[in-house]
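Listed here are the chains, written in short residue letters.
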Amino acid sequence: MRTLRTLLIGTVLRAKHLSRSPFEVAMALVIPLVQATLAVYLFRAGDEPHRLLEAAVGAGLMGVWASVLTGSGGAIQHQRFEGTLEIIMLTPRHPVLVILPLTAATAVTGCYALVATLLWGRLVYGIPIDLAHPLAFGAATLACIAGLGMFGLLLASTFVLLRNANALANPLDYPIWLLSGMLVPISVLPAWTAPIAAVLPTTWGARALREATVGGPVWPSIGICLALGTVCLVLGAVLLKSFERRARAAATLALA
Amino acid sequence: MRTLRLMGIGGALAYRALFNWTTPAMYTGTLLAGPTFQLLFFAYLGRQLQVADDRFFIVGNAVLAASTACVFGGTMAVANERRYGTLGHVLLSPRSRTVVFWGRVLPYAGNGLLIAAFTLLMGVLLLGLRIPASALPGLALALAAGSLACGFFGLTLGALGLRFRDVWVVSNVSAALLLLLTGVNVPRDGLPDWMITVGQLLPITHAAEAARLLAAGRGLDAAAPALGRELLVGAGYAVLAALLLKVFEAESRRRASLETL
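Chains as they are written, first to last, in full-length UniProt numbering: chain A, 1 to 256; chain B, 1 to 261.
Misleading hints may appear alongside valid ones.
Beta-carbon label-pair distances, calculated as ranges [what the hints assert, rightly or not]:
no.: 1; chain 1: B; residue 1: Arg83; chain 2: A; residue 2: Leu142; range: 18 to 28 angstroms
no.: 2; chain 1: A; residue 1: Pro190; chain 2: B; residue 2: Arg97; range: 23 to 33 angstroms
no.: 3; chain 1: B; residue 1: Ala224; chain 2: A; residue 2: Arg122; range: 40 to 50 angstroms
Computed list of chain A residues with no C-beta within reach of chain B, every gap over 12 angstroms [stated by the list, open to error]:
no.: 4; residue: Ser21
no.: 5; residue: Ala55
no.: 6; residue: Thr84
no.: 7; residue: Pro185
no.: 8; residue: Ser187
no.: 9; residue: Thr230
Just so you have them, the derived chain A footprint on chain B, three or more residues with Cβ under 8 angstroms [stated by the list, open to error]:
no.: 10; segment: 23-33
no.: 11; segment: 163-173
no.: 12; segment: 187-198
no.: 13; segment: 206-214
These aren't lab readings, by the way, just hints derived from the structure by calculation.
Bear in mind that the values here come from a model prediction, so they are computed numbers and not experimental data.
Just so you know, even glycine gets a beta-carbon here, dropped at the ideal spot from N, CA and C.
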């Protein structure tokens with residue numbers, strides 16, 4: 001119960017913290033709408049208007065991932081800039097309980113992107129929100145938040161060691177969008193990318209959302225997304241502890 | 001000669017001091033890998049939707065690749081002076097600030113050209129694009145024009161940094177809008193009229209059009225009007241940036257808010 005309370009309060013606190021940043025708020029408000037607009041015009045130009053809802057959902061999920069990625073890279077970097085990383089690492093709880101809320105909060109706030117792109121599509125382009133499995137869509141959204149948050153933790157754990165975490169985070173938007181099939185079906189990618197896509201929680205989260213939108217077996221995809229997310233969580237926890245020890249030993253924890 | 005020296009040496013020094021992404025990790029990750037992944041994403045999306053052929057996306061995204069370095073570089077050229085507490089010193093300089101800041105665009109434009117050429121090369125190597133050898137000089141010209149126009153566009157956004165505190169919002173949103181409005185990834189005839197009109201006033205739009213004509217083997221004669229329009233857009237932003245810098249500098253002095261963060 002104490003662990004759940006730590007995670008919940010940490011997530012809410014971080015979400016509140018993000019909501020106080022004009023930069024974070026403006027980016028969260030505008031970028032998903034630009035991406036959704038781009039997706040709508042591309043799918044229209046491709047003469048596939050029947051897939052516009054799928055495109056809006058895909059663009060929304062792209063926004064969630066962008067938020068998690070920026071948040072994961074920024075979580076450690078931001079604590080460094082603020083001089084609070086050492087204090088966080090000194091807490092008596094396991095570091096994962098302190099860092100996971102930082103990445104989970106970005107997934108929660110990133111969900112605005114999903115809601116915003118669907119509403120934008122409905123209000124501006126008249127795309128009917130006609131979901132095949134509305135309940136399963138809600139469950140898939142929650143699974144995406146959990147899965148992406150845990151994946152974010154794995155990324156954040158590696159960022160403890162790196163002074164320029166943004167260098168790794170900045171170019172990772174498009175590869176994950178591409179490999180996870182958020183807008184482009186995985187089947188059109190080269191065959192060697194399939195094993196990489198298969199181990200990403202984002203792939204199964206995107207698949208679950210797509211199946212909930214257009215029809216298909218949603219629950220197995222949700223299960224795999226959560227299972228892979230848990231693997232990321234365990235790996236992230238182990239790496240975080242190990243990298244934290246190395247950073248302490250090398251006295252590089254607070255170096256930006 | 002003194003003015004050229006001020007632009008050249010001043011620009012190079014400012015680039016070294018103010019551009020955040022000069023470390024090998026940041027440069028490779030943000031400026032080389034990022035645009036390459038963006039190109040692959042849109043090329044595969046285009047293939048799947050059959051919106052246009054690979055050349056459309058590869059050449060368009062190669063021209064757009066310059067925008068990251070130029071838009072954010074231009075912003076850093078002004079905003080980072082304030083962040084590092086040196087803006088006042090620059091504005092106290094007896095030399096023309098217009099020349100000082102215009103000079104800062106040159107390294108960013110050169111950098112943008114390098115990144116655009118690298119991205120185009122990646123398109124050739126990874127996706128098998130074929131470009132006639134005779135088109136290469138013209139393509140270099142188109143990429144250079146796009147980078148220069150984008151550099152002055154970035155400086156215009158940087159000038160807004162003298163008035164607005166959180167200029168990074170402006171540059172991030174502008175970079176995203178370039179993706180949508182310049183017709184780099186969506187054929188412009190599929191966009192609404194107002195988006196096409198706005199796109200005409202943005203950098204990259206005409207450079208991408210010229211580069212596509214050149215890559216298709218149409219020759220410099222066919223691409224010259226679009227190239228001219230791109231240079232005109234760039235010149236427009238150069239004048240606008242100079243005006244905004246002057247107006248906002250005067251206002252910042254009057255309100256004593258020059259170095260307020």
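Hint check results:
1. A hinted range of 18 to 28 angstroms for the beta carbons of arginine 83(B) and leucine 142(A) is inconsistent with their spacing of about 40 angstroms.
2. Distance hint check for proline 190(A) and arginine 97(B): the Cβ-Cβ separation is about 51 angstroms, which falls outside the suggested range of 23 to 33 angstroms.
3. Remark: the range hint 40 to 50 angstroms for alanine 224(B) to arginine 122(A) is upheld by a beta-carbon distance near 45 angstroms.
4. The beta carbon of serine 21(A) is not kept farther than 12 angstroms from every beta carbon of chain B, the shortest such distance being approximately 9 angstroms.
5. The Cβ of alanine 55(A) does not lie farther than 12 angstroms from every Cβ of chain B; its closest approach is about 9 angstroms, which violates its non-interface assignment.
6. With a closest Cβ-Cβ approach of about 20 angstroms to chain B, threonine 84(A) is found to remain outside the 12 angstroms limit, as its non-interface label requires.
7. Distance check on proline 185(A): its Cβ comes as close as 6 angstroms (rounded) to a Cβ of chain B, failing to clear the 12 angstroms threshold; non-interface status is violated.
8. With 12 angstroms as the threshold on Cβ separation, the claim that serine 187(A) sits away from chain B is violated: the shortest Cβ distance comes to roughly 9 angstroms.
9. Distance check on threonine 230(A): its Cβ is at least 28 angstroms (rounded) from any Cβ of chain B, clearing the 12 angstroms threshold; non-interface status holds.
10. Only residues whose beta carbon comes within less than 8 angstroms of a beta carbon in chain A count, and the segment 23-33 of chain B has 7; three or more means the coverage holds.
11. Under the rule that three or more residues need a Cβ within less than 8 angstroms of chain A, the assignment of the segment 163-173 of chain B holds, with 5 such residues.
12. Figure legend: the segment 187-198 of chain B, annotated as covered by chain A; annotation consistent (3 residues with Cβ-Cβ distances under 8 angstroms, at least 3 required).
13. Check result for the segment 206-214 of chain B against chain A: violated, 0 residues qualifying (beta carbon to beta carbon below 8 angstroms, three or more required).
In this structure, the hints that do not hold are numbers 1, 2, 4, 5, 7, 8 and 13, in rising order.
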